[in-house]
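Asks: Residue-level listing of the chains:
Number of protein chains: 2
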Amino acid sequence: MSKKLPNIDSEISNWYTDVVTKAGLADYGPVKGTMVIKPYGFQLWENVKDVFDGMIKKTGHVNAYFPLLIPKSFLAKEAEHVDGFAKECAVVTHTRLKSENDEIVVDPDSRLEEEVIIRPTSETVIWSMYKKWIQSYRDLPILINQWANVVRWEMRTRLFLRTTEFLWQEGHTAHKTKEEAQKETLDILDLYKRLAEEYLAIPVYTGLKTDAEKFAGADKTYCIEAMMLDKRALQAGTSHNLGQNFAKAFDVKFQTEDNNEEYVWATSWGISTRLIGAVILAHGDKNGLRIPPKIAPIQTVLIPIFRNTEQRELVEKYITSIEIELKQLGIRYFIDWSDSSPGFKFNEWELKGVPVRMEIGPRDVESNKLVIARRDNSEKLSISRDEIRDSLKTILDEIQNNLFNQAKVFRNENTHNVENYNDFKEIIKQGGFVKCGWDGSQKTELKIKEETKATIRCIPFDEKPEGLTCVYSGELAKHEVIYAKAY
Amino acid sequence: MSKKLPNIDSEISNWYTDVVTKAGLADYGPVKGTMVIKPYGFQLWENVKDVFDGMIKKTGHVNAYFPLLIPKSFLAKEAEHVDGFAKECAVVTHTRLKSENDEIVVDPDSRLEEEVIIRPTSETVIWSMYKKWIQSYRDLPILINQWANVVRWEMRTRLFLRTTEFLWQEGHTAHKTKEEAQKETLDILDLYKRLAEEYLAIPVYTGLKTDAEKFAGADKTYCIEAMMLDKRALQAGTSHNLGQNFAKAFDVKFQTEDNNEEYVWATSWGISTRLIGAVILAHGDKNGLRIPPKIAPIQTVLIPIFRNTEQRELVEKYITSIEIELKQLGIRYFIDWSDSSPGFKFNEWELKGVPVRMEIGPRDVESNKLVIARRDNSEKLSISRDEIRDSLKTILDEIQNNLFNQAKVFRNENTHNVENYNDFKEIIKQGGFVKCGWDGSQKTELKIKEETKATIRCIPFDEKPEGLTCVYSGELAKHEVIYAKAY
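Chains A and B supply the protein sequences, listed in that same order. The first sequence begins at 53 in the working numbering and counts up one residue at a time. The second sequence begins at 53 in the working numbering and counts up one residue at a time.
Just chain A, with the same shape it has in the complex (with noise of 0.2 angstroms):
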């Protein structure tokens, strides 16, 4: 555990892997490309998950199960959809084992007539459900959500980052009309935006995604898009407007108020266990992750410091005392009293991420006061006991401003208006945000691709394409785009 990192400028993907496992938030699973995760780092993703449900719930979304197993022909269905999937399905072929000269062999005798996939996302599976219940405008909206694992056999994987499988929620709507759809599209792309500024501290650019980057069977998608450490691009959540084109594949229409009959409007968006790699890539340092108090699993770490029984049984008193405190505060706390030294636990927590240390020996029992270390900006303050109630909160908010306050400063800074191809390529090279004109034309978008790794983040909503040239070919820009190699 004390064994240092490697060094997060030069190194960062050995930092971030380093950081994931020695934190204790995941491991590699037996499977190529899968993940655990472990109590940590999926006590991390609750709370995520628990701030997100109360959101769409308080909006109107319901939560539902759909099935995991997905009749292969239903992915043919929506032509752009199945392009998009069909290279990373995990098909499930066989529904026995059976012992063969000792081994453990699949039965050939169990191979099923129709294979089955493991849903890489759930649009036709609950599309053809959608299809038996909605038959009137009166069964409209649907506002339904799953938080559910899906699987994607990808071929470079990451932990977090992109796995095999990945946990994630996926909301599926179904709605009268266009406009309709198109603002329950921007309504949770909003949401999305929240979760990841006031909970995640995390500073994101907002816009619609081009054809070439869309979901396969939207009509248009839009995204939430952070900048990491190394000034690079993280999609961190994404809000479909389906259009009808899952309804045409699934054939479901609906009878209007008027008595006409038409295909319903569709959304779908996620968010999923990604974001867990986000908030790690955002905040974190040489010496571990740096995590947002509202999210963190423990808020507050209490180190207790003594040398012999004796102080020990007074550090113990004075930390009761504090701990009812704390509990009624409705902190998530934890008290290390494990057998190492103070120093290592420092490290460890520091490596933890846990926004506030706080370090009590004897001498604070007697002078009724406490040490407090802040995780974002390695302060330390001694404060007294009575001091804990009105200022401890106060110290988490400022931690929470504070590592979204950096995070917004660096993604600005790291954010280049850039008129010519040169100065685009020299940035994409030095890392960071291009913001420059775009002809619209989807060769330009790859001929840049191809050149430079670096593809189009978003269109942004607050774009200024007037007067702008493209930044490739020249020509008249036809928007303003946000260009960043991605992760």
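In case anyone wonders, no lab produced these hints; they're calculated from the structure. Keep in mind that this is a model prediction, so the values were computed, not measured. Be aware that a few hints might be false.
Any copy will do: because identical chains look the same in the list, a pair fits if it lies in one copy or spans two.
Stated by the list, open to error - Calculated lysine-lysine pairs in the PhoX-like style (CA-CA distance at most 25 angstroms, straight line):
id, residue 1, residue 2
1, Lys505, Lys230
2, Lys84, Lys184
3, Lys150, Lys266
4, Lys346, Lys101
5, Lys445, Lys283
6, Lys184, Lys397
7, Lys300, Lys184
8, Lys109, Lys74
We have chain A; now place chain B onto it with these hints.
Replies: Showing chain B alone in chain A's frame:
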């Protein structure tokens, strides 16, 4: 919705399926044996989940998440385990689809070197990780739980009770000593009993499974067994003492405090969405569900009654004031403003099993009253508006207790002490639980199963085998057991 349900006494199987689908709890999925849990059913599951999640967290357990996909070879490592699960495994063999002659087919080039299976339960994958995580006694105990989906390819399925995929929690703990593992096994069983009795309002018998009925890979399996309305048994939860079986299969040893090496001791335990089936079949009546208030998605439904706009406005204003109070009381409520007639709504919410219905019409507004109808016993009473605060929680508690007491009386009346095989067969034929002596031989157990389809549900903790003879062989009884036909 107003169509009559099948007779609950003579056609309980049809009644069950009708209630599940018409009350909006669940629907069939497209792949055989899979289930869609609809919002109303899922909310019920979420409530059960929240209660139990709180219980295990309070007792020091933490949640984590292990992969869905398990290498085929893992299953083979524990001999009994593979025997138990080999015949119902979903096997993933390929990872890509492709287009061929306008059809979507499995890409033969994407065949996996080693097939993977979808977890039917997670002992093997979890113990492969514990192997990495456990070195010393300091790493113990591990008290991990996960909420997950599992797949068992069942031949005969039934919504909630037996589905190809189901949702559950599976606890997997690791301990230093045999005694500690045994204590954990029983502590959890006690939580299961509390969950069933105090929240689901279902009385349960608790005890030990026979070797023939225990979990594949366990030393001992303990269970909670409930009686359904057709007097058949439903296994509602199991807690396993796994001994050192999985530690040996995955070679997981730890260094003891006195510097020896020993295999780790283990438990596992689970409850699933099957519990929703238990709630339906323990409390239902001819009009549909009766959901215990503590877990009901909607605890009280408000039905406005009016004939014209003027009356509607009057009623609406009155209801708004009641709503404020329900919110303050923390009651889960729903106001049904839909276009249907009050009579239709009464039937619909009875079918859905909402514990309390409030009827509010213009005369109630004038007299500052409202009508309360209890779902459990069909009692109607008129209470004054001001009584809500004091009465509603009491009424909900009464309903909760009444449902439990009714189920307990029913179970006790239908549990019979039996001394000879003729009586045994008669009761099993008529329906009911039999308490009797058993000589302890597996031969006897299998013979009885063959001849009557009844199985030993458990050897109850409070068995009194002294002086009993085996109901089948006439030999001295080794155990007193509970026999029944089971779901």
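Asks: Next step is simple, just say for each hint if it's right about the structure.
Replies: Hint by hint, here is what the structure shows:
Taking the shortest alpha-carbon separations for Lys505 and Lys230, neither the intra-copy value of 35 angstroms nor the inter-copy value of 57 angstroms comes in at or below 25 angstroms. Taking identical chains as interchangeable, the C-alpha atoms of Lys84 and Lys184 lie at most 25 angstroms apart only when they sit on different chains, with a minimum of 17 angstroms there against 38 angstroms within one chain. For the homomeric pair Lys150 and Lys266, the shortest alpha-carbon distance between copies (21 angstroms) is at most 25 angstroms, but the shortest distance inside one copy (44 angstroms) is not. When the C-alpha separation of Lys346 and Lys101 is checked against a cutoff of 25 angstroms, the pair qualifies both within a copy, at 12 angstroms, and between copies, at 24 angstroms.
In this homomeric assembly, Lys445 and Lys283 never come within 25 angstroms of each other (Cα to Cα): the closest approach is 31 angstroms inside a single copy and 56 angstroms across copies. In this assembly of identical chains, Lys184 and Lys397 lie within 25 angstroms of each other by CA distance solely across copies; the values are 22 angstroms between and 57 angstroms within a copy. In this assembly of identical chains, the alpha carbons of Lys300 and Lys184 lie at most 25 angstroms apart only when taken from the same copy (14 angstroms versus 50 angstroms across copies). With identical chains, the CA atoms of Lys109 and Lys74 are at most 25 angstroms apart between copies only, with a shortest distance of 24 angstroms across copies and 35 angstroms within one.
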